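Fit chain B to the supplied structure of chain A, relying on the hints for placement.
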Amino acid sequence: MTNGSIVLQVFRGEDLGGKEVRFEVPAVEGMVVLDAIHYVQANYANDLACRWNCKAAKCGSCSAEINGRPRLMCKTRVDEFPDQEIHVWPMRTFPLIKDLVTDVSWNYEVNKQIPAFTPRPNEPVPYRMLPEDTERVYEYRRCIECFLCQDVCHVLRNHDDKSLYYGPRYMVRIAGLEMHPLDSVRRTGLLHGKAGVGMCNITKCCQEVCPEHIKITDNAIIPLKERMTTDVYDPVAWIGRKLRPRRDAIGGGAAAGELGAVRPPQRFAVKDVIRLKSRGRPMARVGGVRPDGKLEIWVLKMKGTQQHWSGPKVIESSDVTNNYGPLDEVGIGSKLFEQTLVEHEG
Amino acid sequence: MTDSYETLSADVLVIGAGGAGLRAAIEAAAAGARVAIVCKSLLGKAHTVMAEGGIAAALGNVDPDDNWQVHFQDTMRGGQLINNWRMAQLHAQESPDRVYELETYGAIFDRTPDGRIMQRAFGAHTYRRLCHVGDRTGLEMIRALQDRVVQLGIEVHMEVTVTRLLKDGERVVGAFGYNRIDGRFVAFRSKAVILATGGWGRIYKVTSNSWEGTGDGVAMGFEAGAEVLDPEMVQFHPTGMVWPPGVRGILVTEAVRGEGGYLKNREGQRFMLEYDPKKKELSSRDVVARSIYKEVQAGRGTEHGGVYLDVTHLGADKIKAKLPSMYDQFLRLADVDITKSPMEVAPTIHYAMGGMRVEPETGATTVPGLYAAGEVAAGLHGANRLGGNSLSDLLVFGRRAGAAAGAYRREVALGAIDDRQVSDEQQLLLLPFSADGTENPYFLQQRLQQAMQDGAGLAREEKGLKTCLNTILELRQRAARIRVPGSRRYNPGWHTARDLRFMLTIAEAIVRAAIERRESRGAHWRLDYLEKDPALGRVNFIAYSDAGAMKLRQRPVQPMPPELAKLLEEPVSKVATPQPPEAKRIPA
Chain A
1 MTNGSIVLQV
11 FRGEDLGGKE
21 VRFEVPAVEG
31 MVVLDAIHYV
41 QANYANDLAC
51 RWNCKAAKCG
61 SCSAEINGRP
71 RLMCKTRVDE
81 FPDQEIHVWP
91 MRTFPLIKDL
101 VTDVSWNYEV
111 NKQIPAFTPR
121 PNEPVPYRML
131 PEDTERVYEY
141 RRCIECFLCQ
151 DVCHVLRNHD
161 DKSLYYGPRY
171 MVRIAGLEMH
181 PLDSVRRTGL
191 LHGKAGVGMC
201 NITKCCQEVC
211 PEHIKITDNA
221 IIPLKERMTT
231 DVYDPVAWIG
241 RKLRPRRDAI
251 GGGAAAGELG
261 AVRPPQRFAV
271 KDVIRLKSRG
281 RPMARVGGVR
291 PDGKLEIWVL
301 KMKGTQQHWS
311 GPKVIESSDV
321 TNNYGPLDEV
331 GIGSKLFEQT
341 LVEHEG
Chain B
1001 MTDSYETLSA
1011 DVLVIGAGGA
1021 GLRAAIEAAA
1031 AGARVAIVCK
1041 SLLGKAHTVM
1051 AEGGIAAALG
1061 NVDPDDNWQV
1071 HFQDTMRGGQ
1081 LINNWRMAQL
1091 HAQESPDRVY
1101 ELETYGAIFD
1111 RTPDGRIMQR
1121 AFGAHTYRRL
1131 CHVGDRTGLE
1141 MIRALQDRVV
1151 QLGIEVHMEV
1161 TVTRLLKDGE
1171 RVVGAFGYNR
1181 IDGRFVAFRS
1191 KAVILATGGW
1201 GRIYKVTSNS
1211 WEGTGDGVAM
1221 GFEAGAEVLD
1231 PEMVQFHPTG
1241 MVWPPGVRGI
1251 LVTEAVRGEG
1261 GYLKNREGQR
1271 FMLEYDPKKK
1281 ELSSRDVVAR
1291 SIYKEVQAGR
1301 GTEHGGVYLD
1311 VTHLGADKIK
1321 AKLPSMYDQF
1331 LRLADVDITK
1341 SPMEVAPTIH
1351 YAMGGMRVEP
1361 ETGATTVPGL
1371 YAAGEVAAGL
1381 HGANRLGGNS
1391 LSDLLVFGRR
1401 AGAAAGAYRR
1411 EVALGAIDDR
1421 QVSDEQQLLL
1431 LPFSADGTEN
1441 PYFLQQRLQQ
1451 AMQDGAGLAR
1461 EEKGLKTCLN
1471 TILELRQRAA
1481 RIRVPGSRRY
1491 NPGWHTARDL
1501 RFMLTIAEAI
1511 VRAAIERRES
1521 RGAHWRLDYL
1531 EKDPALGRVN
1541 FIAYSDAGAM
1551 KLRQRPVQPM
1561 PPELAKLLEE
1571 PVSKVATPQP
1581 PEAKRIPA
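Protein chains in written order, with my numbering: chain A, 1 to 346; chain B, 1001 to 1588.
Honestly, the hints are just simulated from the structure, not real lab data.
Please note that the accuracy of each hint is not assured.
To be verified - Here are the simulated BS3-like pairs of lysine-lysine, each with C-alpha atoms no more than 25 Å apart in a straight line:
| no. | chain 1 | residue 1 | chain 2 | residue 2 |
| --- | --- | --- | --- | --- |
| 1 | A | Lys215 | B | Lys1320 |
| 2 | A | Lys215 | B | Lys1322 |
| 3 | A | Lys75 | B | Lys1322 |
| 4 | B | Lys1264 | B | Lys1320 |
Small disclaimer: the values here were computed from a predicted structure and weren't measured.
Excised from the complex, chain A in its bound form:
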């Protein structure tokens, strides 16, 4: 901020040939980035494209990348960046339409594939639901669909694997449906298949950028991974379901009910994080896959605040109940791994 004015560098263009354009906007106390963009629209560039609606962080329309970080423009004050130029870019995970507006229609297409809330056929209305059963669902339902989590997700952004993974927003939606006290459909087949929950490698970037402070990874994705694994890979649970069928498994991928006889091959990468079945240790890191298909694993042991790796041990891949996928050596994921471990030990 200089001489009572701020300098915006706003991306302008309709394709990759676009570039930043410099605008100087008079600073006003308490101004947010969206105010500055509005000033530019009114005074310098009537045709500057941006989406916005409520200007109160309730609708999730004005998503952008501000100085490299995915944020809502209405919630980002310009005085957070004293003496700095403010660079405003569109979300880069989605195809550009113009300036700050991107084509987010893929998200709406994904959303259509998720089986809606389905109560049991004769559930009496009005519904009775106890507060303790509904409380955990509220967190998922806070989502304002700003798609910042989709924007920051490595799977969607860096690898552009939009065909393999629905992305954090839809993990949150599925979690909200799965944990609805009166819902009667299981979406674990979908999670295992088209929704691709296994693609998430728990870097937690999505929950860091969530303007609604939803713990996307901790409270939606990880529980869904566990739920999916139990349903899809656990033969005991499968037999249990056969004897006492409760919910219908529907959705993409393999139907859960067919998986008991022939186990699909699990693939492991070096440094995959896995959860072990009944070995006293909940999680481990795969050191390597031996030629005979067995795994060399290390288990992280905690004693108080001290930790050490023990191993390698050799196990069958069928001893794995859950595969969290590859793990960064120093990334946030490893921190989470340890935290989860501590929780289980404690």
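Below, chain B without anything else, positioned relative to chain A:
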């Protein structure tokens, strides 16, 4: 000469994807109609999403004495008896079912300990009646409806602006507009059209409304020959943020006062004790808004022209537990820690009670084939809306309009599209790219907003209203000389140029009716006519188009059947409980 355009067809076209539009679409689809929804924004961003407090329905879960009769009484009294009695009756009777139905779509309201829907108190509701989800009731509602629409496979055309209703003779047979993304023109042929376009707070400078609230629906309906009822009735919410300038107008929920917040002037006096010793801070919205205005006018306002809303006496723990979003909002946007310092608040434009005149049972406007529901329709709220009645309005009358349109389309065939109407609209739309002029659409919009704020705001008088009317007429001339840069591809300046014409139409209706209502009633406060006029209490004002010119006439308020009239003669059975126990919720 016509530019190329795409033509789509449907049995029922729903314009607007807020609560009313989505509910109407669901019902029309349930009646077997092929439905298309168009909306200006992305799906799920409509203004309904901003509703905080709750949805009013006499479930009687917390106060078993509540029933539709009491809800009816409250709504009629709140509206100063110029409401449509039949709408108020249907609304009070059907709201509970609409709320329960929403839960079958997947919504989850806050619960009572025994698992039923929790209800909270609000201004001028006799009993605790507002079903809510923390302070994000609107989000829950729109998400549930959106999921249902997706589940039913209803077509949604996002980021399409409709700018004209197309007529075949007397009947509305479709609509014309443009795709915001690439500027392509698009025509819809349909057997029925439902307007669910919301309100027009955007014509004022200080508002809690988003850019979308430009009155498109009511202006298009007016141009198509439908009648506009009670346009002068515009609600100010008493408490909007004041400082810093960027946040001016953002809503501060009524729950702040519900939890025991005090309104104070600069001298630290709780001035509501004088204006309404009985209900104090929880008086009705029009009364509280006026009281704040009077304090500021008398020189007892804050530095930035508001008053103080103080909750510091409640203690930090209670504030953070009960008002988490307000705590967050002030800390983040205004650098104010509301546990330590008071908030600065002033009235902000919030809601339009007026709109299309509709049949209570069907939402049919006075033009065949055209229906309206939600904020764009009028009649339910009269001169003042009670908090929480708008969300139930959307569901009750959205459903009714959807059902009626779904039935109507069986009786008629698709109409013909008149090329002349299409080419007229195309010319109007394209004018800003070729006009001989230099007017900036944003500057004209700002000029209108300032004029309405000054002349047709909270406190009105004849002189100011007439000045405002002259400004509107002058702006209409200047609007023809708007010139915008760039192409038709996602060009907000171009969009604003067309929106401005809608805004000018509804602004003119507001001002003309406000001049004629020479009394003070509900939200309409005339400094030159401070009292109610019983004669005007028996009429509504209607704006209509007479060969393109706006005319105004009076229409008698419909008489109530005796059994309902009797209800209103009874005294209020119980005073509102100011301190409701709230359902536990997860803190933000």
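Each hint tested on the structure:
{"no.": "1", "hint": "A:Lys215 / B:Lys1320", "result": "holds (20 Å)"}
{"no.": "2", "hint": "A:Lys215 / B:Lys1322", "result": "holds (21 Å)"}
{"no.": "3", "hint": "A:Lys75 / B:Lys1322", "result": "holds (22 Å)"}
{"no.": "4", "hint": "B:Lys1264 / B:Lys1320", "result": "holds (21 Å)"}
Hint compliance for this structure: no hint is broken.
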